[in-house]
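S.K.: Residue-level listing of the chains:
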Amino acid sequence: MRYLPLNDTDRGAMLAAIGAPDVEALFADVPAEARLDGPIAGLPGHASEMAVERHMARLSAESLSAGSVPFFLGAGAYRHHVPATVDHMIQRGEFLTAYTPYQPEIAQGTLQVLFEFQTQVARLFGTDVANASLYDGSTACWEAIAMAGRITRRSKAVISGGLHPHYVRTAQTMARFTGDTLVTSTPVLDAQADDDAVIAGIDAQTSCVLVQYPDVLGRIPDLARISAAAAAHGALVVAVVTEPVALGLIESPGALGADIVVGEGQSLGVGLQFGGPYLGLFGCREKFVRQMPGRLCGETVDADGKRSFVLTLSTREQHIRREKATSNICTNSGLCALAFSVHLTLLGGSGLAQMARASHLRAIETAKALGTVPGAALVNAQYVNEFAVTLPKPAAEVVDALAKRRVLGGVALSRLVPNEPALANVLLVATSELTTAEDIAALVAALTEVLA
Amino acid sequence: MTRYFTTDHEWLVVEGQTATVGITDYAQSQLGDITFVELPAVGATLSKGDSASVVDSVKAASDVYAPVSGSVTEVNPALEDTPELVNSAPEGEGWLWRMTLADAGELDGLMDADAYAAHVGGL
Amino acid sequence: MTVLNPAGWRPEMGERSPASHDVPPTVTGNRALHLEEPLLFELGRADQCGIDFDVVDGAPLAGLPLRSGPVDLPGLSEPEAVRHYTRLSRQNYAIDLGPFPLGSCTMKHNPRLDEKVARMAGFADVHPLQPEATVQGALKVIDELAHWLVTLTGMAAVAMTPKAGAHGELCGLLAIRAALDARGDKRDVILVPESAHGTNPATAAFAGFRVESIPATHDGRVDLAALVGKLGPHVAGVMITNPNTCGLFERDLKTIADAVHAAGGYVYCDGANFNAIVGRVRPGDLGVDAMHINLHKTFSTPHGGGGPGAGPVVLSEALAPFAPLPFVAKGADGLLHLIEEAEAVAAAPGAFGRMCAFHGQMGMFTRALAYILSHGADGLAQASGDAVLNANYVLRRLEHLLHAPFGAAGPCMHEALFSDDTFAEGFSTLDLAKGLIDEGFHPMTVYFPLVVHGAMLIEPTETESKAGLDQFIAAMESLAARAKAGDPALKTAPHFAPRRRVDETRAARKPRLVWTPEAA
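Protein chains in written order, with my numbering: chain X, 1 to 452; chain L, 1 to 123; chain V, 1 to 520.
No lab work stands behind these hints, which were simulated from the structure alone.
Check before you lean on any hint, since a few could be wrong.
What the hints assert, rightly or not - Computed from the model, here is a short list of chain L residues facing chain X with C-beta under 8 Å:
no., residue
1, F36
2, D56
3, A60
4, A61
Claimed, not checked - EDC-like mimics (lysine to aspartate or glutamate), calculated; alpha carbons at most 16 Å apart, straight line:
no., chain 1, residue 1, chain 2, residue 2
5, V, K466, X, D8
6, V, K254, X, D29
7, V, K116, X, E53
8, L, K48, L, D108
9, L, K59, V, E504
10, X, K287, X, D128
11, V, K510, X, E286
12, V, K510, L, E80
13, X, K306, V, E504
14, X, K368, V, D57
15, V, K510, L, D108
16, V, K116, X, D87
17, V, K491, X, D304
18, V, K330, V, E132
Positions of the beta carbon are idealized from the N, C-alpha and C atoms, including for glycine.
Work out the full structure: start from the sequences and follow the hints.
M.R.: Encoded structure:
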């Protein structure tokens, strides 16, 4: 078997050195009833690489890939151009097959990347510091709520109706166990984000205000105004960014007063991957550093005085603090953080600005073109590269009909917020620098047909 | 000025109505380089045995327990920038917090220097 | 004759190498292939970009809160970026370079077929919210992997969404909590062995349970009598690792499970060490109610420098109704569907909710499925057999030089545990580990489990050749002798790595987590 180097000669020599008659003898501690007497039933025998590849290729062919058709899906995962270099770097064996950098002397590669990544995230978010990543945006969002509770010693989080519903539900699952109260609301189809409602909900018991920027419909909350209102009550502001490319165009949440900024880094370097693995981003003010969840990479020196990097502030983590840890997170999303960092390094601030601008301009073109489709109406006053459109029929049906015409036209809001008649006809449409004029024309043509 | 000790390696010195609390030299030598000290809030009410403070070294975080009951009047401001004072002067400048004494009778349950030295010797 | 050396050069070996202090240090700080690499922020420039964009005409919408200038991030051209990351990669040890004997981490070879398969467009370039009819192939991968995981463990169902082992533990505990809530039972205690990994009590505490510790017996197993003695109407269950953190099989697990069930509780099994028994033993046969599987351990998805992982949780019949959303199920139309919130009321009324956005670590599922199909039932049994054989070989070859606290108690499973008992005064496990770096290996797991002083936990895995193991053992024999003799050079090891020991105190006292120009 191609992955198993030992042959029978090796095994014989090793068993002799051990003093055991056969490998079975080494399993003597397993009760006889629990020991299977042959290979597990129901699983075929080993297969060649070519057989496995054939099987998987057949399965792959049964899906419609995003790159093969006009594509307009967003809602928390975005399709951007990832340069070929990124995949080559993450496939280097020294990155791909390395472990968590617990032995810094032989892990400076991983550690320096994490330090660079933390700096990139902090600058993108406009925060003082950032961690070495969490699992994804949704769990990062929950961790921010938990952290705000620890810092303020309050337990009520006011959550904008514009937060991605999956993120809301994730937080709801967790909050049942921490006793945090989450004040949530259903998205409302106003042209503007629900800033007034959010501000009205802040009081002296509020630990934090959670606002998605841009929100799930693509609208842009007034973070400065919300931050001022929160500060007046001693509450923290948590900004949630599901599309970091937007920050190449619009002001960073940190600059607008956010205390904690979390997000999903998938847009840069990671790819769609049918939902995972993704990349949780987490940044905050310097004074909250010891309350941060997740791994942190810090700068120091070695015994020869050479600059070195090392995982630090580990006493917050659960393998040391056990019951009193800041969170139960063990892994970060290392390889995805590397991919994000390589992509952002190739972009630089100027490239990110170009990428954001192109994504935004394509959104304007698309919105304008959709305006020519009878029955379609734009909801947003403003957007970066994602917006909502109301249709004369349920969006879920429309999306399926478009797919039959080989157009992936967007995400029905009802997929995220079911059982809300007011939202049943809303389609979320996203664009990027990959969107072409032909794609837009194809969407308009197919949608016109479907709605006729 | 009597210095009292606990089996958990805290010390306590009473002056009038206020007690100063810290960790012993034995404790700091066991912990290694101290990197951070989390102190109680001024005004916090402590019961004897409550975890009042956490002392971090690189690989461990150790709870420091209130030797007596009372409320916190002051915390050591120097420790924010110089946590290493707890290593270099654990029983002096590296004190952790000051508190009132809710029940002076609780002092009877604490050890004196000789008893503590004997306790450490047996560890 | 023809003169055959037109350039006139003759090789010269030169004198014996001069003593190192006679060789001048290099101006660059590099030493041949040992290359130093500055930070991106010291190399890149604000206006540098390694990507060309197609020009798009137009102006942004009026009224947006536009940035006044680009984000302050340096860029690099493609050649500079490739150099930067390639040079950084060379400062890392990795499985591809040599043995990585980290106990409980299962650092086995990462097959390259798995990388190829993960990148197939029908898996890599599909959006999680595409209409289900357009992603049947991707859903089939999830469904097939789920089926194999359930078959391999002898369980009833599997929750596929947890993003890592610790996330999976949380999922299992929340399922237990949901099961108790459903029957109105307010049990609030979870029993955890003292040798458990820190995630276990941390997770239990998060889920609202009080943790009570169970001691071990002299032969390294959970004390059955002590555990049974603690059972009662307030005990929700036990979290047990099998094989345990000392690398030993918990022989009493079925007895424990029966006792816990009789007392109304549940058994959570930490599956970190599943590699020892995969294909040979099914945790379901031992009475386990929930077990997370680290796909990045037993099923070789790459560690990537710290993640991402994946932690699906297999569940018993008792806990299956409480699995979180979403999950894949076959519909009446013969197609695979994702049961999400919209369908949950009818199809999954007991689900405790959602643990994260979307529906799982698809990139890890494709890799793990390719791995399982490649090995098959016979290959997996061979893998666990070789993993256990390799660990016992290391144990027996080293136990006369290093103290093995449970060596006399019988065979170990997939990892061998040693302590620092034989070391000279003042010499620690850390010193031996740093010495192992100089010998060209990544150190084993150190100081875990906590129940053994100066613990060294060695897990070779099945993908180590005998020749590789022999070389590792030779290095360990030398290091064990040096630690016993008290060789002072160990105290300052490593000497040959890209960095010497680093000042962790300084990093923790004055954390510098981002680069700033003034501090440069």
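S.K.: Work down the list of hints and note, for each, if the structure agrees.
M.R.: Verification of the hints:
The closest approach between the C-beta of F36/L and any C-beta of chain X is roughly 7 Å, which is under the 8 Å cut-off, so the hint is satisfied. Because the closest C-beta pair between D56/L and chain X is about 5 Å apart, less than 8 Å, the hint holds. Satisfaction of the interface hint for A60/L is found here, the shortest Cβ-Cβ separation to chain X being roughly 6 Å, below the 8 Å cut-off. Interface hint status for A61/L: upheld, as the beta-carbon distance to the closest one in chain X is roughly 4 Å, under 8 Å.
At roughly 11 Å between alpha-carbon atoms, K466/V and D8/X fall within 16 Å of each other, so this suggested pair holds. Annotation: proposed proximity of K254/V to D29/X holds, straight-line Cα distance about 13 Å (limit 16 Å). For the given pair, K116/V sits about 9 Å from E53/X by alpha-carbon distance, which is consistent with the 16 Å threshold. Note on K48/L and D108/L: the hinted pairing holds, with a Cα-Cα distance of about 13 Å set against a maximum of 16 Å.
Simply put, K59/L and E504/V have alpha-carbon atoms about 9 Å apart, close enough for the 16 Å limit, and the pair holds. For the given pair, K287/X sits about 9 Å from D128/X by alpha-carbon distance, which is consistent with the 16 Å threshold. Distance restraint check for K510/V and E286/X: the Cα-Cα separation of roughly 12 Å lies within the 16 Å cut-off, and the hinted pair is therefore satisfied. Among the hinted pairs, K510/V with E80/L is consistent with the structure: their alpha-carbon atoms are about 11 Å apart, no more than 16 Å.
At roughly 13 Å between alpha-carbon atoms, K306/X and E504/V fall within 16 Å of each other, so this suggested pair holds. The suggested pairing of K368/X with D57/V holds, with an alpha-carbon distance near 14 Å, which does not exceed 16 Å. For the proposed pair K510/V and D108/L, the alpha carbon gap of about 41 Å is over 16 Å, so the pair is violated. Straight-line distance between C-alpha atoms of K116/V and D87/X comes to about 12 Å, which keeps the hinted pair within the 16 Å bound.
The straight-line distance between the Cα atoms of K491/V and D304/X is roughly 14 Å, inside the 16 Å bound, and the hint therefore holds. Note on K330/V and E132/V: the hinted pairing holds, with a Cα-Cα distance of about 11 Å set against a maximum of 16 Å.
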